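2 protein chains.
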Amino acid sequence: MSVQKLVECIRQKNNPTVAGLDARLEYIPSFIVSQCVERYGETLEAAAAAMQQFNISLIDALHDIVPAIKPQAAYYELLGPKGAEVLKNTIDYAHEKGMYVIADIKRNDIGATASAYAEAYLGCTKVGDKELPVYNADSCTVNAYLGTDGIEPFLKECRAREKAIYILVKTSNPSSGEFQNRDMEGKPLFVRVAEQFAKWGEGLDTPSGYNQVGAVVGATYPEEQKIIRSIIPKAYFLVPGYGAQGATAKDIANAFNDDGLGAIVNSSRGIMCAWKKTGKDGADFMEAARAEAIRMRDDIVSAIR
Amino acid sequence: MSVQKLVECIRQKNNPTVAGLDARLEYIPSFIVSQCVERYGETLEAAAAAMQQFNISLIDALHDIVPAIKPQAAYYELLGPKGAEVLKNTIDYAHEKGMYVIADIKRNDIGATASAYAEAYLGCTKVGDKELPVYNADSCTVNAYLGTDGIEPFLKECRAREKAIYILVKTSNPSSGEFQNRDMEGKPLFVRVAEQFAKWGEGLDTPSGYNQVGAVVGATYPEEQKIIRSIIPKAYFLVPGYGAQGATAKDIANAFNDDGLGAIVNSSRGIMCAWKKTGKDGADFMEAARAEAIRMRDDIVSAIR
Numbered sequence: 000m001s002v003q004k005l006v007e008c009i010r011q012k013n014n015p016t017v018a019g020l021d022a023r024l025e026y027i028p029s030f031i032v033s034q035c036v037e038r039y040g041e042t043l044e045a046a047a048a049a050m051q052q053f054n055i056s057l058i059d060a061l062h063d064i065v066p067a068i069k070p071q072a073a074y075y076e077l078l079g080p081k082g083a084e085v086l087k088n089t090i091d092y093a094h095e096k097g098m099y100v101i102a103d104i105k106r107n108d109i110g111a112t113a114s115a116y117a118e119a120y121l122g123c124t125k126v127g128d129k130e131l132p133v134y135n136a137d138s139c140t141v142n143a144y145l146g147t148d149g150i151e152p153f154l155k156e157c158r159a160r161e162k163a164i165y166i167l168v169k170t171s172n173p174s175s176g177e178f179q180n181r182d183m184e185g186k187p188l189f190v191r192v193a194e195q196f197a198k199w200g201e202g203l204d205t206p207s208g209y210n211q212v213g214a215v216v217g218a219t220y221p222e223e224q225k226i227i228r229s230i231i232p233k234a235y236f237l238v239p240g241y242g243a244q245g246a247t248a249k250d251i252a253n254a255f256n257d258d259g260l261g262a263i264v265n266s267s268r269g270i271m272c273a274w275k276k277t278g279k280d281g282a283d284f285m286e287a288a289r290a291e292a293i294r295m296r297d298d299i300v301s302a303i304r
Numbered sequence: 000m001s002v003q004k005l006v007e008c009i010r011q012k013n014n015p016t017v018a019g020l021d022a023r024l025e026y027i028p029s030f031i032v033s034q035c036v037e038r039y040g041e042t043l044e045a046a047a048a049a050m051q052q053f054n055i056s057l058i059d060a061l062h063d064i065v066p067a068i069k070p071q072a073a074y075y076e077l078l079g080p081k082g083a084e085v086l087k088n089t090i091d092y093a094h095e096k097g098m099y100v101i102a103d104i105k106r107n108d109i110g111a112t113a114s115a116y117a118e119a120y121l122g123c124t125k126v127g128d129k130e131l132p133v134y135n136a137d138s139c140t141v142n143a144y145l146g147t148d149g150i151e152p153f154l155k156e157c158r159a160r161e162k163a164i165y166i167l168v169k170t171s172n173p174s175s176g177e178f179q180n181r182d183m184e185g186k187p188l189f190v191r192v193a194e195q196f197a198k199w200g201e202g203l204d205t206p207s208g209y210n211q212v213g214a215v216v217g218a219t220y221p222e223e224q225k226i227i228r229s230i231i232p233k234a235y236f237l238v239p240g241y242g243a244q245g246a247t248a249k250d251i252a253n254a255f256n257d258d259g260l261g262a263i264v265n266s267s268r269g270i271m272c273a274w275k276k277t278g279k280d281g282a283d284f285m286e287a288a289r290a291e292a293i294r295m296r297d298d299i300v301s302a303i304r
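So the sequence lines, in the order shown, correspond to chains A and B. With numbering that gives the first Met the number 0 applied, the first sequence covers 0 to 304. With numbering that gives the first Met the number 0 applied, the second sequence covers 0 to 304.
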């Protein structure tokens with residue numbers, strides 16, 4: 000089972016963190032970008048080739064210590080169809096290296112369309128008699144503004160293929176309170192979203208004690224984390240906002256349960272751009288990413304003990 | 000300007016409708032699918048080739064009478080990287096034929112990531128000294144759950160490149176009321192979202208009288224349409240839910256202003272699957288789509304007179 004698998008990966012590596020692979024060109028060392036531009040010109044193809052090489056190298060540098068990657072779809076879409084290939088190849092390569100994959104897509108739509116998204120990222124496309132996996136992630140993020148019938152197709156994949164989802168509850172950005180924290184019939188909207196998890200997660204508990212329906216809860220809002228944790232103790236939290244967005248290990252402690260589980264903390268720019276702080280123009284980008292991933296792991300593990 | 004251009008296209012064709020190009024394989028006549036499977040086997044490539052051929056033919060059949068297309072990203076993502084190519088080619092072909100393009104992506108994320116989405120669908124990717132358009136739609140749909148800093152990067156493209164966006168206010172699906180209609184400090188959430196349009200649309204009015212910041216308002220909820228129209232009279236409404244989802248022309252009359260403008264009504268399955276009702280196994284799919292588009296145009300134009 001997918002959350003089960005995530006918990007096993009986290010335990011095995013004693014590391015409740017995920018590396019966000021959200022590469023913009025400016026996050027990639029210039030020697031990689033230059034090689035690709037030399038080969039393909041100043042094109043989207045060159046940008047995609049650079050991103051592919053960067054991602055593969057980061058997975059090589061991290062896979063034995065970091066349990067999961069979280070590719071953010073936006074950065075792949077920014078490179079057009081070639082970027083879509085990089086996304087697919089990155090997911091496949093992470094799987095080869097034994098990593099768990101969270102596709103950060105934040106999709107949402109009416110039922111018929113949500114089915115297409117759920118099949119694209121978690122399920123299969125049927126062509127003739129064949130069922131073909133498409134992006135084949137282990138889990139993905141989902142926005143709940145459309146209510147249950149936009150969530151149900153994702154739950155169907157969770158049930159049929161042991162996948163998991165993370166529903167946006169409280170996001171990490173500064174303006175997240177604009178709607179999420181306003182009072183809805185006596186409680187903030189983000190609490191109203193969390194209250195639906197009992198229904199959405201029905202029948203999706205795993206032996207790990209955690210449910211296949213998880214929650215996105217920003218590291219930048221420790222008080223909200225505590226409230227959400229009390230409403231949905233069995234939901235796995237995907238926690239963005241550590242590092243570049245300003246949250247510290249102390250800020251994320253509330254996201255975890257007493258078993259030291261229940262949350263996985265993301266760092267994207269912190270890990271990808273670690274090479275910018277060593278003064279070596281990116282020659283050591285793999286070592287720098289690995290060193291930052293270890294530092295982050297130790298920082299978080301010590302805060303939740 | 001992009002909403003300006005939309006209004007001009009609608010006036011010119013006297014047709015306030017948009018053709019949703021959301022092809023699943025089962026919506027494509029089997030003679031097209033069979034040809035592609037013969038050539039490429041039972042693969043995603045075959046499915047993408049069939050979708051490409053279907054879309055091109057539909058645009059050929061509709062472009063002189065229908066002002067706009069609305070490709071729904073999910074169905075393209077369902078075919079993987081090849082599907083991303085079909086999306087790009089479909090948008091380019093629609094532009095060649097003078098049609099306005101609404102990319103139905105319903106994206107949402109924190110500011111840095113929302114920028115990547117906005118650039119991917121409305122703007123450009125910078126590679127070296129070159130600014131390269133990616134999907135290059137005229138407008139796209141956006142989910143506002145993350146608040147203003149997830150919207151702002153899209154507004155930036157609206158300002159810089161005369162693009163438009165449609166923000167989800169009240170969606171057409173049965174469970175949309177689960178959150179959208181619940182009371183938030185005295186008014187339903189969908190009203191609270193609509194109330195932010197004054198801020199989001201600042202400086203984005205066009206000579207047409209309409210603002211570059213539009214709203215998604217489901218045809219299936221005529222009462223909500225009326226309420227939203229009264230709050231944001233200058234927002235263009237993208238109205239899904241006509242036809243297959245059950246709404247009639249009468250149901251969408253409230254979405255329009257007295258000038259006969261202010262809304263564009265989508266039909267996807269109604270147009271794409273019109274061939275299923277003629278008993279000719281899809282041989283007449285172009286004529287059937289055109290006939291349905293004309294019927295829909297006349298139905299709606301007569302209802303809003």
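Please keep in mind that the hints were generated in silico from the structure rather than gathered at the bench. Incorrect hints may have been included.
As the list makes no split between identical chains, a pair holds if one copy fits it or if it spans any two.
[Said to hold, decoys possible] Pairs of lysine-lysine residues, derived as DSSO-like cross-links and limited to a Cα-Cα distance of at most 30 Å, are as follows:
1) Lys233 <-> Lys125
2) Lys87 <-> Lys186
3) Lys125 <-> Lys87
4) Lys225 <-> Lys186
5) Lys276 <-> Lys4
6) Lys279 <-> Lys225
Computed from a prediction, not measured in an experiment: that's the story for all the values here.
For each hint, the structure was consulted:
{"no.": "1", "hint": "Lys233 <-> Lys125", "verdict": "neither (33 Å within a copy, 43 Å between copies)"}
{"no.": "2", "hint": "Lys87 <-> Lys186", "verdict": "neither (40 Å within a copy, 43 Å between copies)"}
{"no.": "3", "hint": "Lys125 <-> Lys87", "verdict": "both (18 Å within a copy, 22 Å between copies)"}
{"no.": "4", "hint": "Lys225 <-> Lys186", "verdict": "both (15 Å within a copy, 28 Å between copies)"}
{"no.": "5", "hint": "Lys276 <-> Lys4", "verdict": "neither (34 Å within a copy, 47 Å between copies)"}
{"no.": "6", "hint": "Lys279 <-> Lys225", "verdict": "neither (41 Å within a copy, 61 Å between copies)"}
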